[in-house]
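Chemist: What follows is the residue order along each chain.
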Amino acid sequence: MQIRNAVYFFREACKSIARNHLLSIATVSTITICILILGMSVLITLNTSTFLDSLESDVEIMAYLDQDLDNAGVKDVQEKLESLAGIETITFVSREQALKDMQETLGKKDYDLESTLGKNPLPDSFEIKATDSHDVPDLAVKIEKIYGIYKVNYGKGIVEQLFSTARWVRVVSLVFIFLLALGAIFLIATTIRLAIFARRKEIYLMKLIGSTDWFIRWPFFIEGIGLGSLGSLLSIIILAAAYGSLLSRVDTILFMPLVSGTNVLINLYLSLFAAGAVLGIIGTGISINRFLDV
Amino acid sequence: MLVQFYNVSKIYANGVKALDDISIKIDGGEFVFLMGPSGAGKSTMIKMLYREEIPSRGQIFVASRSLVRMKKKEIPALRRNIGVVFQDFKLLENKTVYENVSFAMEVVGANHREIKSRVIEVIKMVGLHGKEKSLPGELSGGEQQRVGIARALTNRPLLLIADEPTGNLDMNTAQEIMELLFDINRKGTTVIMATHAWELVKAARKRVITLESGKIDSDINPGEFTLCK
Ligand SMILES: Nc1ncnc2c1ncn2[C@@H]1O[C@H](COP(=O)(O)OP(=O)(O)O)[C@@H](O)[C@H]1O
Ligand SMILES: [Mg+2]
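Protein chains in written order, with our numbering: chain A, 1 to 294; chain B, 1 to 229.
Some hints here could point you the wrong way.
[Stated by the list, open to error] Cut-off 20 Å, straight-line C-alpha distance, at most; resulting in silico cross-link-like pairs (SDA-like, lysine to any residue):
id, chain 1, residue 1, chain 2, residue 2
1, A, LYS151, A, GLN67
2, A, LYS201, B, VAL108
3, A, LYS201, B, LYS47
4, B, LYS73, A, TRP218
5, B, LYS95, A, PHE9
6, B, LYS116, B, LEU135
7, B, LYS72, A, ILE203
8, B, LYS47, A, LYS151
9, B, LYS47, A, TYR204
10, B, LYS95, A, PHE197
11, A, LYS142, A, GLU88
12, B, LYS95, A, LYS142
13, B, LYS95, A, VAL7
14, A, LYS15, B, ARG65
[Claimed, not checked] Some chain B residues near chain A, calculated using beta-carbon distances under 8 Å:
id, residue
15, ASP88
16, LEU92
17, VAL108
Treat the hints as calculated values from the structure; they're not laboratory data. This structure is a prediction, so every number in the text was calculated from the model and none was measured. Cβ coordinates follow ideal geometry from the N, Cα and C atoms, glycine included.
Bound-form chain B, shown alone:
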């Protein structure tokens, strides 16, 4: 069991109830979609996984560690096991592709040799070989997201979480990014992806957790698909 939510509720400081009594379990190696309309609470769940937000009630465990009881100084160790991919890529505009990826290893204090071989490896893995010296501004949206994914992968995370990673991309590019994420999942990394794009989810045949106004609407495994919608 890699991720567990036990009766998690989240009420923001302004009184908005973003999550209401959520309980889920996700095994290592799974690929899980978090689906739901805008405002359903997907990002809130995602942010809780890397402890940018903490639950107002309930417990969350990642790799058997309670994120609620976790001390501040234990957070870096948790985050080194989680790669995060964003809708808006969050690349550093003045750094090259290579530097954007190596950045993730530098800031956790990895050594030079390690960095060099690993960065070249992940850049190849996401299909950007030859673009190492390009700046983000010189890349297409899909290529920029590949850099974002490469950065999330460099430190070999147990868990890759992606919040609407295809939200800024056209359908074809989105499909290519999906293929990349499936590929990463096949190699053993657990992937949790939030999205509201039903077309992508439908084609994927993976586990789908649907959220609606902060509550779990359904939790469907592949194979049960044909029955719904």
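Next comes chain A alone, as it looks inside the complex:
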């Protein structure tokens, strides 16, 4: 693209936007709303999935040992556990330690739980962390089969629910984002189609005079990209202001910590801006070849 052509393309694009200013305003504001909702759902997804990730990574398997297992038996169990695939860490928790922990959790340091209970009722146990928390249910089944293990506990039900909730949140936001993007593309395509229609006589003449197809297309692409970027820019400004002021007031919502890393947010805003431009390109691409076939 030569400089003087670029000047011409930009001038034509601006003229076209100005000529259809009502439609241009309508398109930009709809894109703003679309990208705003897109950005909000991404932020919500980002926050929930960060939260869910942190919950998921906390999922542990507690394997309780038979009360009458001797030291050698415990060692056997540990070796068998270590031979299983997909385990990140194994921590042995003795029954004494378990009682101490419980006492601490209950928060009554001076209250002697053991003497109250007569004897320590807790078994020895292993705390097991899976490499991938999604493997936990399967691992639990395998661990339960090891000789010497009396019971396995991993918050069965809750874990599965957590995973399926996380999956649903992701699927629903993806579908939502997809539909919004389609809407934005449709709007840009319509705007460009109308802009091309308004200039069909001009385009026919350009073709007969000997313009190349790309010379004719460029102004429309610039118009589409311009509308898309302008819309996304406005939505980013709104989103950044709103989320920024939310962050300055609270840092958690319903116990959920808010994502506040500057890098994460800048990447999000840049992506939204790029998304606006890409929507502009796709929307223009859909309509661009109308009236070009002369």
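We have chain A; now place chain B with the ligands onto it with these hints.
Modeler: Chain B with the ligands only, in chain A's frame:
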């Protein structure tokens, strides 16, 4: 040899046979009338010259290049050597005379200085000096056609083709436009003009190719005129 038609036939998608086995040759520098009643196939021949239509059979060469074998991306280069003038002028109503003419240079990527000097030159050439800032709606039919001719001339085409350029004009204005076209031809541009106005053709004493239902009826050179009609 600037233009050659070899056994060209055209059958449109709806089955209408617009041209039937046409063969002609036109030299550089000639002025040629394509004459015939409405529906004879004049516009079809004209459109083939700038490759808006392609023959169903036969070959067409312009400046030794086959328009049938021409690739899509070679079309712009062909069209930059051909200026087209229309019966309905096809001016852009919201652009001034100057802009309508400069448009033709802008859209092929000419630079500003070139455009300015050339546009003023052709506007003078067609006799519209002083009307640069007028809109087409403020001009008479004859003046609008002059703008159309100026636009066709800006890129210095080898070939100027005009499809019934006087069809919307009264007789006197038509004569003035004819004079302009002869003038352009005298300066070296080949001109092909389709028309059904025998009065204009008769007075001109130029080569006349007559079409009748898609076939060539006669091809008469100046000088042979007195013999016919
Ligand atoms: N695009 C088209 N599709 C179908 N038929 C056409 C088309 N253009 C012209 N024709 C037909 O071809 C014949 C020749 O038309 P045309 O070349 O326009 O003649 P002229 O310009 O001499 O009046 C006519 O019968 C016309 O109806
Ligand atoms: Mg015609």
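Chemist: Would you mind marking each hint as holding or not holding in the structure?
Modeler: Hint-by-hint comparison with the structure:
{"no.": "1", "hint": "LYS151(A) with GLN67(A)", "in the structure": "holds, 11 Å"}
{"no.": "2", "hint": "LYS201(A) with VAL108(B)", "in the structure": "holds, 17 Å"}
{"no.": "3", "hint": "LYS201(A) with LYS47(B)", "in the structure": "holds, 17 Å"}
{"no.": "4", "hint": "LYS73(B) with TRP218(A)", "in the structure": "holds, 16 Å"}
{"no.": "5", "hint": "LYS95(B) with PHE9(A)", "in the structure": "holds, 17 Å"}
{"no.": "6", "hint": "LYS116(B) with LEU135(B)", "in the structure": "holds, 18 Å"}
{"no.": "7", "hint": "LYS72(B) with ILE203(A)", "in the structure": "holds, 17 Å"}
{"no.": "8", "hint": "LYS47(B) with LYS151(A)", "in the structure": "violated, 88 Å"}
{"no.": "9", "hint": "LYS47(B) with TYR204(A)", "in the structure": "holds, 13 Å"}
{"no.": "10", "hint": "LYS95(B) with PHE197(A)", "in the structure": "holds, 17 Å"}
{"no.": "11", "hint": "LYS142(A) with GLU88(A)", "in the structure": "holds, 15 Å"}
{"no.": "12", "hint": "LYS95(B) with LYS142(A)", "in the structure": "violated, 81 Å"}
{"no.": "13", "hint": "LYS95(B) with VAL7(A)", "in the structure": "holds, 19 Å"}
{"no.": "14", "hint": "LYS15(A) with ARG65(B)", "in the structure": "violated, 38 Å"}
{"no.": "15", "hint": "ASP88", "in the structure": "violated, 11 Å"}
{"no.": "16", "hint": "LEU92", "in the structure": "holds, 6 Å"}
{"no.": "17", "hint": "VAL108", "in the structure": "holds, 5 Å"}
Hint compliance for this structure: hints 8, 12, 14, 15 are broken, all remaining hints hold.
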